[in-house]
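Asks: Per my numbering, the sequence shown runs over residues 3 to 263.
Don't read these hints as lab results, they were simulated from the structure.
This structure is a prediction, so every number in the text was calculated from the model and none was measured.
Every residue, glycine too, gets a C-beta built ideally from N, C-alpha and C.
Be aware that one or more of the hints could be misleading.
[Unchecked claim] Cβ-Cβ distance ranges computed for the label pairs, FRET-style:
#1 Gly175 with Glu100: 21 to 29 Å
#2 Gly237 with Ser176: 45 to 53 Å
#3 Leu255 with Arg132: 26 to 34 Å
#4 Glu203 with Thr241: 19 to 27 Å
#5 Gln205 with Arg229: 42 to 50 Å
#6 Leu71 with Ala105: 23 to 31 Å
#7 Ala242 with Ser48: 37 to 45 Å
#8 Leu249 with Arg132: 25 to 33 Å
#9 Arg261 with Glu100: 17 to 25 Å
#10 Glu109 with Trp256: 38 to 46 Å
#11 Ser48 with Arg261: 17 to 25 Å
[What the hints assert, rightly or not] In silico EDC-like cross-links for lysine to aspartate or glutamate, where the CA-CA straight-line distance does not exceed 20 Å:
#12 Lys233 with Glu45
#13 Lys130 with Glu100
#14 Lys199 with Asp85
#15 Lys217 with Glu45
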Amino acid sequence: MHVIVTGGSSGIGLEVARLYAARGARLTLIARDPARLELARRELLSLHNVSETSVCVVTADVGVEDEVLSAIGSAEATLGPCDVLVASAGVVEPGRFETLSSAAFTEQVTINLLGVANAVRAVYPEMKRRRQGRIMIVSSGAALIGLYGYTAYCASKSALVGFAEALASEAAGSGVGVSICFPPDTFTPQFERELAKRPLEAQLLMGKALPWTAKAVAERIVDAIDRRRSKLYFGFSITALGLFGSLIKPVLLWWYRRRLI
């Protein structure tokens with residue numbers, strides 16, 4: 003089994019890779035930072051029964067289509083066709099819309115939305131030809147409700163819902179499964195950077211729930227892929243928003259706006 007993970011150099015992506023490495027899968031990690039990728043490769047190679055020839059790391063920016071197509075094409079030439087794609091690469095830059103730079107807004111939309119589409123485009127035709135494959139899109143709990151100071155992030159992550167649902171409809175009967183998951187706050191290097199910039203107004207709505215570990219999130223993601231689940235929610239609040247958002251959000255947002263005034 004060949005598993006390709008974008009954003010695989012750290013956080014959730016790296017934990018997903020560890021789980022598949024333990025199963026003996028061939029792995030390709032794609033990320034922008036070559037130094038982090040090399041550290042991730044060494045970590046995986048230190049695991050029991052993981053060989054040099056079963057782990058491939060490729061530096062690429064998922065937001066640049068040609069780089070992703072080249073990276074995945076090279077990986078498939080080395081390790082075989084992709085059986086599972088976990089599109090985990092993403093960035094977050096909090097900030098009120100009027101103060102958030104255009105560049106920061108564009109980067110989040112480009113990486114979080116177009117980066118997923120680019121990675122899927124690189125593997126989807128061959129999966130359909132072989133009539134097998136799984137695609138897991140890593141969105142966010144922030145896709146389910148607008149958060150103060152997260153206009154770009156919420157927009158990019160919620161757009162993935164429509165993309166995943168439409169693609170799943172197109173893939174029906176093809177043997178290719180398309181899934182999407184909505185992780186909560188998760189202890190990752192990126193989360194630490196985000197937290198330092200998180201507006202107090204956003205924290206008011208998000209509450210004081212402890213972040214999940216990347217390992218716990220990854221375990222549920224891999225299990226959802228195994229079970230061919232189309233959607234995966236995490237925790238009570240995110241699950242409630244995912245299943246009953248049309249009923250819950252009007253009341254929740256009314257309460258929240260009253261607290262802000």
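Asks: Is it true that Gln205 and Arg229 lie within 42 to 50 Å of each other by Cβ?
Replies: Violated - the Cβ-Cβ distance for Gln205 and Arg229, about 33 Å, lies outside 42 to 50 Å.
Asks: Take the C-beta atom of Leu249 and the C-beta atom of Arg132, compute their distance, and say whether it sits inside 25 to 33 Å.
Replies: Given about 41 Å between the Cβ atoms, the range is violated.
Asks: Going straight from one Cα to the other, do Lys199 and Asp85 come out at no more than 20 Å?
Replies: violated, 38 Å
Asks: Please check whether Glu203 and Thr241 have a Cβ separation lying inside 19 to 27 Å.
Replies: Cβ of Glu203 to Cβ of Thr241: about 24 Å, so the range 19 to 27 Å holds.
Asks: For the range 26 to 34 Å, tell me whether the beta carbons of Leu255 and Arg132 fit it or not.
Replies: violated, 45 Å
Asks: Against the range 38 to 46 Å, how does the distance between the Cβ atoms of Glu109 and Trp256 compare: consistent or not?
Replies: violated, 33 Å
Asks: Sort out whether Glu45 lies within 20 Å of Lys233, counting only the CA atoms.
Replies: The hint is violated at about 30 Å.
Asks: Using the beta carbons of Arg261 and Glu100, state whether their distance is inside 17 to 25 Å or not.
Replies: About 21 Å separates the Cβ atoms of Arg261 and Glu100, which means 17 to 25 Å holds.
Asks: Taking 20 Å as the top limit, are the C-alpha atoms of Lys130 and Glu100 close enough?
Replies: violated, 43 Å
Asks: Range hint 23 to 31 Å: satisfied by the CB atoms of Leu71 and Ala105?
Replies: holds, 24 Å
Asks: Within 45 to 53 Å: is that where the Cβ-Cβ distance between Gly237 and Ser176 falls?
Replies: Violated, since Gly237 and Ser176 (Cβ atoms, about 32 Å apart) do not stay within the stated range.
Asks: Quick one: are Gly175 and Glu100 within 21 to 29 Å, going by C-beta?
Replies: For Gly175 and Glu100 the Cβ distance comes to about 47 Å; the hint is violated.
The earlier numbered hints that this structure contradicts are 1, 2, 3, 5, 8, 10, 11, 12, 13, 14.
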